[in-house]
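Q: As they're listed, the protein sequences go chains A and B. Here our numbering = 1-based position in the first sequence + 55. Here our numbering = 1-based position in the second sequence + 8.
Keep in mind the hints are simulated off the structure, nothing from the lab. Here the structure is a predicted model, which means the values were calculated and not measured. Be aware that one or more of the hints could be misleading.
[What the hints assert, rightly or not] Quick look at which bits of chain B chain A covers, simulated, 3 or more residues with Cβ under 8 Å:
1. 32-39
2. 120-133
3. 412-418
Here a beta-carbon is modelled for each residue, glycine too, at the ideal position from N, C-alpha and C.
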Amino acid sequence: MTPLTLIRPDNRLSDSWLASLRHLARELFTFRAHIATVYSFDLRQTYRGSAIHRFWRIAMPLLPVAVYSALAALRVVPTVEGIPSTIYVASGVTLWFLFVGCVQQPIAVVKNRNSEAMKTALPLSVTIAASFAQLLFDTAIRLGLLAVIMILTRTAPAITFPLGLALIAVAAAAFLGLGLLLAILNIIYPDVQRAVGVILQYGIFLSGVIFPLSAFGPFRLLDDINPFAVFIGAARHLVFGGAPVHATALMLTTFLSLGIFLLGCRMFYLMEYRIRGIG
Amino acid sequence: MMRDTETVLEVDGLGKIYARNPTTSRRRLGRVLAQTLMRRGLAPVADLAPGEFWALKDVGFSLKRGEAIGIIGRNGSGKTSLLRILSGQLLPDAGEVRIAGRTAAMIDLTAGFQMGASGRENILLRGAMLGRGRDEMEAASDEIIAFTELGDAIDAPVMSYSSGMMMRLAFAIMVASTPDILFIDEILAVGDFRFRQKCLAKIREMRERAAFVLVSHNLSEVKLFCSSVIVLSKGQIAFMGEPEKAITFYEAMQEAPEPAPETHRAAILGPTFQNNEAVTDVEHFWADADGKPITQIQSGKTLYFRVAFTSNISTRDLILGVPVWSDKDVYATGFSTEFSDQKFEARKGERHKFLLEVPNLPLNPGTYLSNLAISNGVEFLYRQPNPPLVVLTARARNFGTFHHPHTWRPLR
């Protein structure tokens, strides 16, 4: 049976939420060969031409973790009871860069590839998915370092460790959803990317990544309202133990996060072909 | 549903709005986002906002398997936008497109190529962009590489390729993906003559099982390959029908070619000069038989050129010359008194008038630029541009700058 394609101004608008998700998933599956090829190509391309490209590939993602961990080890920044300071910083920095990448990557890809997207039938969702190679590789390297630090500091994961991993996945999905929403908004209001960039550049110091916010009286409030602080704190506690996490609050946060992810995917699905070529 | 099983493409009342300013586009997008968020659906376009225009309007046609439709029109007439909508790269603002089967588009040469990757890697990448699997493209890669004739260059980064090499690769990947409908935009203009013939032969080979939408400025190509042709003008279908008739219509539409920019004209016409001590009050213009100034003339008619000036010197060897260039910077011809049987002269203090007559004007359609040069032997007295002259024609086909009457006949 020959597939029939309809192209209309109201394409996708009548599709349900479930259909939106199914369609995006199908797009990613259909173009999985492209995503895989771009992943392998991107990883080979980074630092290509450098004589010590393998060194840079490993060293660059570790650099921020190493610097902040060193500061924590030297007690330059306040530490927290219950978790070794290096674990606190290494886990915080790893999660921070993962979550920030989930927000910034869709914005950057939609902005930079929008004109090119108009010239190909490749869905932008695929282009975004294909752009995550470096972020995932860097995260894997940082997790490797975290594992090494755990061995060195003889820190065993807590019993709630699997819950922690699930929460990290939920948080990454929420930030990806937020990134997709902001990517659309950035095409309409081009200042969005700059504003997000500024906020995230300094947000690392206000998100409980390197030091606990509770150490700075008035900033303690951010522990409860800054989504990065909420997720990083909760995940850290679930993975390594420490202060107990409020179960109801965690459930609510999880539902809210999944809602943001769904909204982001839905809006991106509806607007994708409408933003093409505008910029 | 399609009208019948052989129809692979149907286009109804297609429209696309563009704005000259991105801010206007963003404003419209903001309204669409608000409507979407409030789940109001997409309101039909009632009015265009200031700065917006219909890049395509009420475009409709259908295409069956084995057919090829050509789209011709001036730059900015909406050809590429139409192709982008048909190939699913853009959404229309009005109308509907129905496509039965797999499509492949060759609209932008570099789109989809990873410049840092080799040609071989790009076969997989671009194939994947067309929705083809890695295995499928790997199986076809030998055939693709053989078709491109790129040899060892297939393992070099695409950024080192010439546009012709890139076209070879893009075309080979596209045809290897076995589409039901191919959208091709002007791209075949890039390759060398021999490879273009190879591509055209491949297209001919695919004609029976696939349908084609071909945008081209090359009217011979369009005439050769298309079963019907659409002439687009300002986003609307000005003509749709048999290739020959469409081309004739299109040529007749070319009545007012866009004038060459001033800087371009100046570069073609060269330096200007006027010796006011020698000649003053110089008037010169292209004219009709009644002596009235004209800016357009039909090819084959009689063209006149009038010159009048007051001479402040007496000349021994007055030469009047009108060198003529096409606006593509081709030195087309010159009309000079230098080789005339008649001797021309000017007397001091007198006003002189001259008439140039060119019967059966053989120039092909286009804009022609020219100078009037007045000299006394080898000494230039005056060299200034004439108003541009637009030559029109009702003939369907032209080659080069000149049309010379000729006939062909078979010999037995």
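Q: Evaluate each hint against the coordinates.
A: Okay, the hints, checked on the actual structure:
| no. | hint | in the structure |
| --- | --- | --- |
| 1 | 32-39 | holds (count 4) |
| 2 | 120-133 | holds (count 7) |
| 3 | 412-418 | violated (count 0) |
Checked against the numbered hints above, the structure breaks only hint 3 and satisfies the rest.
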